[in-house]
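Participant: The residues making up each chain are set out below.
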Amino acid sequence: GENVEQHPSTLSVQEGDSAVIKCTYSDSASNYFPWYKQELGKGPQLIIDIRSNVGEKKDQRIAVTLNKTAKHFSLHITETQPEDSAVYFCAASSEEYGNKLVFGAGTILRVKS
Amino acid sequence: DVKVTQSSRYLVKRTGEKVFLECVQDMDHENMFWYRQDPGLGLRLIYFSYDVKMKEKGDIPEGYSVSREKKERFSLILESASTNQTSMYLCASTPEVPVYTFGSGTRLTVV
Numbered sequence: 001g002e003n004v005e006q007h008p009s010t011l012s013v014q015e016g017d018s019a020v021i022k023c024t025y026s027d028s029a030s031n032y033f034p035w036y037k038q039e040l041g042k043g044p045q046l047i048i049d050i051r052s053n054v055g056e057k058k059d060q061r062i063a064v065t066l067n068k069t070a071k072h073f074s075l076h077i078t079e080t081q082p083e084d085s086a087v088y089f090c091a092a093s094s095e096e097y098g099n100k101l102v103f104g105a106g107t108i109l110r111v112k113s
Numbered sequence: 114d115v116k117v118t119q120s121s122r123y124l125v126k127r128t129g130e131k132v133f134l135e136c137v138q139d140m141d142h143e144n145m146f147w148y149r150q151d152p153g154l155g156l157r158l159i160y161f162s163y164d165v166k167m168k169e170k171g172d173i174p175e176g177y178s179v180s181r182e183k184k185e186r187f188s189l190i191l192e193s194a195s196t197n198q199t200s201m202y203l204c205a206s207t208p209e210v211p212v213y214t215f216g217s218g219t220r221l222t223v224v
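Each protein sequence line maps, in turn, to chains Y and W. The first sequence runs 1 to 113 under this note's numbering. The second sequence runs 114 to 224 under this note's numbering.
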């Protein structure tokens, strides 16, 4: 089955700096790669996703890149703000496995002001 | 505003008790999932359901069962709670495409 590895496990950045979180996946059949943000006391919320026919996607200060050959994808947050502090999860899924999401272990992002 | 509602935010139960965690969604989604979240392990799939009365085991089903009698409700059952089931439990639902909506979670402590 699919296995998703996520790095780093914790990340501290200064407000205004960029943050990058990286994930690798094992199953070449995976074709959907979402990123979720979990704030304290809340469930994870989808912030951006990318499908395998696209190499990059942007939404304001966040972007995701996908390298299918290397089987890795990354989340980029620019101009970080204190409200970006949260736990971020990457995930992967494929139609072959019924669209079930397999999650990475999570990254705790702290933005210091 | 679409919602996945988990009935309890915090639960404390004794070892050996039968525990019910309830999840209700108002989006008419076919698919519902139960995950547990532990530090350093991410979210691990316990059980899922693609339709009423249907259930499938996920990656860590041991010690758990589920019930889906109505489309909007998916219950997770701990038959005999143990301390290693102390965790955050997250319910999610999705239409055919895998865009999940999660509930706020239930933090279960088994003492």
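Derived from the structure by calculation, the hints contain no laboratory data. All values reported here derive from a predicted model rather than from experimental measurement. Accuracy of the hints is not assured; some may be wrong.
Distance windows between CB atoms, simulated [claimed, not checked]:
#1 Y:E79 x W:E130: 47 to 53 angstroms
#2 Y:R51 x W:K184: 23 to 29 angstroms
#3 Y:K42 x W:G176: 25 to 31 angstroms
#4 Y:S18 x W:E192: 44 to 50 angstroms
#5 Y:P8 x W:T222: 25 to 31 angstroms
#6 W:V125 x Y:E79: 25 to 31 angstroms
Capping the alpha-carbon separation at 20 angstroms, the derived lysine to aspartate or glutamate pairs in EDC-like fashion look like this [as the list claims (entries may be wrong)]:
#7 Y:K68 x Y:E39
#8 W:K116 x W:E143
#9 W:K170 x Y:E95
#10 W:K170 x Y:E39
#11 W:K168 x Y:E96
#12 Y:K68 x Y:D17
#13 Y:K42 x W:D139
#14 W:K116 x Y:E39
#15 W:K170 x Y:E2
#16 W:K168 x Y:D27
#17 Y:K42 x W:D151
#18 Y:K37 x W:D151
#19 Y:K42 x W:E135
To be clear about the criterion: a stretch of chain Y counts as covered by chain W if any three or more of its residues have a C-beta under 8 angstroms from a C-beta of chain W, and this derived list gives those stretches [unchecked claim]:
#20 10-24
#21 64-76
Built from N, CA and C at the ideal position, the CB exists for glycine as well.
Participant: If a hint holds in the structure, say so; if it does not, say that too.
Facilitator: Taking the hints in turn, this is what the structure says about them:
The beta-carbon spacing between Y:E79 and W:E130, approximately 49 angstroms, falls within the hinted interval of 47 to 53 angstroms. Hint check: Y:R51 to W:K184, Cβ distance near 27 angstroms, so the stated range 23 to 29 angstroms holds. In this structure the supplied range 25 to 31 angstroms holds for Y:K42 paired with W:G176, their Cβ-Cβ distance being about 26 angstroms. Evaluation of the 44 to 50 angstroms hint for Y:S18 and W:E192 yields a pass: the beta carbon distance comes to about 47 angstroms.
Y:P8 and W:T222 have their C-beta atoms about 29 angstroms apart, which keeps the hinted 25 to 31 angstroms range intact. Separation of W:V125 from Y:E79 is about 42 angstroms and departs from the stated range, judged on CB atoms against 25 to 31 angstroms. Between Y:K68 and Y:E39, the direct Cα distance comes to roughly 29 angstroms. Violation of the 20 angstroms bound is thereby established for this hinted pair. Straight-line distance between C-alpha atoms of W:K116 and W:E143 comes to about 14 angstroms, which keeps the hinted pair within the 20 angstroms bound.
Taking the CA atoms of W:K170 and Y:E95, the gap is about 17 angstroms. The hint holds against a cut of 20 angstroms. Taken as a hint, the W:K170 and Y:E39 pair is broken in the structure, with Cα atoms around 28 angstroms apart against an allowance of 20 angstroms. Our distance criterion of 20 angstroms between C-alpha atoms is met by W:K168 and Y:E96, whose separation comes to about 18 angstroms. Note on Y:K68 and Y:D17: the hinted pairing is violated, with a Cα-Cα distance of about 27 angstroms set against a maximum of 20 angstroms.
Of the pairs offered as hints, the one joining Y:K42 and W:D139 holds, with about 18 angstroms between alpha carbons and a cut-off of 20 angstroms not exceeded. Restraint check for W:K116 and Y:E39: satisfied, since their Cα atoms lie roughly 17 angstroms apart, inside the 20 angstroms limit. Using a Cα cut-off of 20 angstroms, the hinted pair W:K170 and Y:E2 holds, with the two alpha carbons roughly 16 angstroms apart. For the proposed pair W:K168 and Y:D27, the alpha carbon gap of about 24 angstroms is over 20 angstroms, so the pair is violated.
The straight-line distance between the Cα atoms of Y:K42 and W:D151 is roughly 15 angstroms, inside the 20 angstroms bound, and the hint therefore holds. Taken as a hint, the Y:K37 and W:D151 pair is honoured in the structure, with Cα atoms around 16 angstroms apart against an allowance of 20 angstroms. For the proposed pair Y:K42 and W:E135, the alpha carbon gap of about 17 angstroms is at most 20 angstroms, so the pair holds. Restraint check on the region 10-24 of chain Y versus chain W: 0 residues with Cβ-Cβ distances below 8 angstroms, three needed, restraint violated.
Coverage of the region 64-76 of chain Y by chain W is violated [criterion: at least 3 residues with CB-CB distance below 8 angstroms; count 0].
Of the numbered hints stated above, those contradicted by the structure are hints 6, 7, 10, 12, 16, 20, 21, listed in ascending order.
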